[in-house]
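Residue numbers (my numbering), protein chains in the order written: chain A, 992 to 1344; chain C, 992 to 1344; chain S, 992 to 1344; chain H, 992 to 1344.
In short, the hints are calculated from the structure, not lab data.
Treat each hint with caution, since some may be false.
[Claimed, not checked] Reference excerpt, derived from the structure (chain C facing chain H, CB under 10 Å, subset only):
#, residue
1, Thr-1087
2, Ile-1093
3, Pro-1121
4, Ser-1123
5, Ala-1284
Since the model is a prediction, treat every value here as computed from it, not as a measurement.
All residues carry an ideal CB built from backbone N, CA and C; glycine is no exception.
Protein chains: 4
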Amino acid sequence: MPKALVLERARELSLREIDLPLDLTPDAVRISIETVGICGSDVHYYQHGRIGPFDVEAPMVLGHEAAGIVTEVGQDVTTLAVGDRVCIEPGVPDFTSRASRIGLYNLDPSLTFWATPPDHGCLTPEVVHPASLCYKLPSNVTAAQGAMVEPLAVCIQAATKARIAPGDIAVVMGAGPIGLLQALAARASGASDVFIFDPVEAKLDVAAQFPGVHPLRPQDGTPAEQIDTATEGWGADVLFECSGAAAAFRDVALLLRPGGTLVAVGMPIDPVDVDIVALQVREITLVTVFRYANVYDRAVNLLASGQIDVDPLITGNFDFADSVAAFERAAEGRAQDIKLQIIMPGASGVSKG
Amino acid sequence: MPKALVLERARELSLREIDLPLDLTPDAVRISIETVGICGSDVHYYQHGRIGPFDVEAPMVLGHEAAGIVTEVGQDVTTLAVGDRVCIEPGVPDFTSRASRIGLYNLDPSLTFWATPPDHGCLTPEVVHPASLCYKLPSNVTAAQGAMVEPLAVCIQAATKARIAPGDIAVVMGAGPIGLLQALAARASGASDVFIFDPVEAKLDVAAQFPGVHPLRPQDGTPAEQIDTATEGWGADVLFECSGAAAAFRDVALLLRPGGTLVAVGMPIDPVDVDIVALQVREITLVTVFRYANVYDRAVNLLASGQIDVDPLITGNFDFADSVAAFERAAEGRAQDIKLQIIMPGASGVSKG
Amino acid sequence: MPKALVLERARELSLREIDLPLDLTPDAVRISIETVGICGSDVHYYQHGRIGPFDVEAPMVLGHEAAGIVTEVGQDVTTLAVGDRVCIEPGVPDFTSRASRIGLYNLDPSLTFWATPPDHGCLTPEVVHPASLCYKLPSNVTAAQGAMVEPLAVCIQAATKARIAPGDIAVVMGAGPIGLLQALAARASGASDVFIFDPVEAKLDVAAQFPGVHPLRPQDGTPAEQIDTATEGWGADVLFECSGAAAAFRDVALLLRPGGTLVAVGMPIDPVDVDIVALQVREITLVTVFRYANVYDRAVNLLASGQIDVDPLITGNFDFADSVAAFERAAEGRAQDIKLQIIMPGASGVSKG
Amino acid sequence: MPKALVLERARELSLREIDLPLDLTPDAVRISIETVGICGSDVHYYQHGRIGPFDVEAPMVLGHEAAGIVTEVGQDVTTLAVGDRVCIEPGVPDFTSRASRIGLYNLDPSLTFWATPPDHGCLTPEVVHPASLCYKLPSNVTAAQGAMVEPLAVCIQAATKARIAPGDIAVVMGAGPIGLLQALAARASGASDVFIFDPVEAKLDVAAQFPGVHPLRPQDGTPAEQIDTATEGWGADVLFECSGAAAAFRDVALLLRPGGTLVAVGMPIDPVDVDIVALQVREITLVTVFRYANVYDRAVNLLASGQIDVDPLITGNFDFADSVAAFERAAEGRAQDIKLQIIMPGASGVSKG
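Looking at chain A on its own, in the form it has when it is part of the complex:
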């Protein structure tokens, strides 16, 4: 039986053997996992045993941000070969569903997703996954970078649905891992300048090192005041709400230009107060996103071509054997810990990043 990092119940993790389905089907590949990033949702399940309606009722393997190496291919697979390095899209839809047929396979109700109850995740040395959801990594993209494709894909989805136009001025609320990746994704998608706000100064310092990313520091006025100055009273073209904080929705219309776009990336636990009239008088559109569809290949392209550099965001890694410690560290929520990753036993030296 394979070993895996198992969430037994809220606040109890074990690195132990567990029975996992590892039979190869004709359209699947077997992958030796190299790197797994720790996501805020993994930590949330660890701490609370649930996220909204998703309740951990049985032991569940954590992890859904993965890169690895193909070790075996199913008989119908033509697009991948043994030895290919890949990153892995963790949601498996029914491609014949009504939502999938209109291109929105991420919204297919039958979709299963790694480390979302009752489905196991990928913090285990080996997985079997549909080949059509595994994306080849070019030689200049490391496994560590490949494991960043999953959170980056969320932000590429948001940038895509925001329909960023060349030279847009963007604002990002929240400078956690998603907020920072969103800033990079927005700029790589055509924004000339990205302004980012977070109450934690240390996070803004990280953001400030990226070209074209400008921190909105609390001591310099409200975000609305600073955007007003930067845009000579016109407003930003697009705002990505990545904090999930109810307060971020207050006065949000004041930061946007007439006809601007507000994108809800962060997921506020409770309903939030929204001033509809404030949105209406500027005809602001609120776009919402849920995970991603058809963007993994695009995220890989943007990493490979140098449009997005995620390396400064990978701030620490742990061996698989130390997974529990890794989660304890992640649960501390240190400001300087942006993305912690776990290096699996199968990681090659070359691609360890």
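Once you have looked at the hints, place chains C, S and H on chain A.
Chains C, S and H in isolation, oriented as in the chain A frame:
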């Protein structure tokens, strides 16, 4: 001095002489007003003396839904001639402003609008208006219909921004004048079926007479349940919120399909609770609209070609001399009074509708 | 062995027994065909034995416009039941392909399509087809109307991709079956007025009977002149080229407004001369369409709700036993024959239309 | 009287005094010109005395790519001050026209444009221009760069209308000044990789120095073959045709993926052969562009933020006194001359770039 229906202050109307600017500028036309519809906002100013930040601080002429006959044209006007029957767009923007230049002249902050303090409205026999905001009525469109273009334009704006696709299933919340016009606009814009909800049964009876418009009666289940049945669990493509009620935003995501569109037409006075996550898991887009831009000609076309029939919604009219009584009646808010109009002294018999 | 209308080779048809695959798979249904429309492409194969690269190299059953009744359902089918009346989408894609995943399953290179070599069509009493490509007909839609969904779907696809806005002025070039359906589809999609041109006057007479559809008669000037007059020099919003004639692309820019849309529905055999600069100076967009994806349900909705009335276009029908005669008649290309249909033995009296 | 570079007639240039309208209107500014780029259209007028329907019938000042310093402001101007460094949008529309009102002011038929007969250009030390069409240059943007905004704006317009999505693969046909700027604009707008083709190898060498821009060298196969390999048979997302060559439209569909976009930037003199069916079977959209609207500020932002570096494309400059020699050099069409600029007498040392 011309006579006009003047709101002296909250709850005090006079039909009296008032000094109004009636000099003809080179790019303007003089219009003999034939018909003026009474809008909910006129009634709200009458009852409360204000709408949101707009405070009636000095006597103001009411009315902004007008059709009339051109009686004189400015020297630079080439598109209109004396005798032309027109409907009149009541907002006058600066077409060189930044918002106007991107096609959103309705969002130009310098825009003035009839019967929005401090600007006078059109409940007076004669107005002078920029020719470029007056739209010729074909001979088969009556003045009464022409005065309906203003509220209809709001709904065409909403239907346009909703990007209705052919065969869409639409839902309208609220069956007041705007909700009913929205149902007609949605169907004329490509929706095959429009489901409409209102707690007042009598309003649903009006709606039910239009082909393709289906009332969601409270006794048949919640709107969500009824839409679920009608769409076999898929959801509607687009929902127009026309009630302005905070409650309408609750559970609104349940009525929409994955990737659906919610359009905020009604203007809720206070911030409303919005369940962002419920929107996200279906990637619903919230579109907001504010009045209209570039749709008056389109609304006229749709009336003239028979795509939209507003006649059943014009439920009563009053002579200009009885304007005060007309407002008192409108303020009663009778369910069967959908649109009351005032017939001005200059109305020709032919076009009285 | 079932009987079918078999194209043996160019200009040779037989109504004879032929071996067809009729085994029921778990996700398929068995359908008793009621009505099959004759399409121009069927006739073209009959007359020429090929269309472009598609060469009839072995005997092939014709027909791809079908409606029928479900007589057996596969074990995994949950959406259909025996007795359901359906219309049938004739193209079967691989829904996991790259094109399908972005919502463009009609462009999947592996797609098979009825009566496109080497695949057999549906002019046979019984077919087996994936349930997900069969669409229930409401009780108020006849089999004859259901068999019109296929060509109508082409036009709904075009209207959808054209992004018709409410109150658009549309032009249709060509008044054959597709041109006429395109006119109806355009109007049902939000166009207030549709102008249609054809050199054959008799076809324009058919078009003229539909509300909002205006013939552009040759004796009244060129189409460009007539549109110029009708739109006061502005131009139409959208033009659907449905003739497939190279000449139709000449001067096409003159009919469109700045920012207008040209949709290529007809398929010109050879490359056509296009004046790119004429398109550029008006920033016209050329949209192309190929069959349809995700519009069958929408077409059914529009028929059922009365937005589109195809009955005047169904101008004749033949019994299955007279199929060869039906094709000979169709090959004559009489102006008054718009859509000829074949009534299959299994047609119920009720739904014969 | 001011001096200017005057095109007397085809092939005859003079640097001489000429009467130009230099009165300041209330909404205009007076500008001391610093730098003027030489455009291919200037050279074409010089060589041929006409471009399409635009015939040089009277002496005309050349030049339309300009940056300068504001020296006087009209009484109604609030957005600019004396000393501001600006780049200047050379087309002056009527912002109240029908095209302008829908955001397409570049398509207003009444628009006047520098150095397009009969209107004079800007190769003269001083111009008066509407303030609303002058865009402030930040301190880190030189006058030389500012004079590149005009051709860059053409490419930003194309990138915007192409609706580039993050991670798109783009192809550019033609590596002249516009092709090269288009490659940079495409990448700055979200393309991860831009492949560029030109029969002249030296131009590809220039292109190859930019990150993410990959030359398609003739010796490596046809462009279609190379794109097929690079995209594993899928095709590019968007293709910008910047050569204006009729041959470039041949086989263009083979380079694009299903649902891809073809953008016609170059202006072919004669109608070109287009294989409509080849576009249809991939549902390719052809977008056309004409100059630009609402993108100058965006182009400035992208230069200022470092998203686009035009310096390698500015390959030579001449003093105003040597303007005639500059045009003779430009007319030679040397492969290594990408953009030649003329430095005007008023250029400050600081901003000479």
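Comparing the hints with the structure gives:
1. Thr-1087: Because about 5 Å separates C/Thr-1087 from the closest Cβ in chain H, which is inside the 10 Å limit, the hint holds.
2. Ile-1093: holds (5 Å)
3. Pro-1121: It holds, given that the least Cβ distance between C/Pro-1121 and chain H is near 9 Å, below 10 Å.
4. Ser-1123: holds (6 Å)
5. Ala-1284: Status holds, d = 8 Å.
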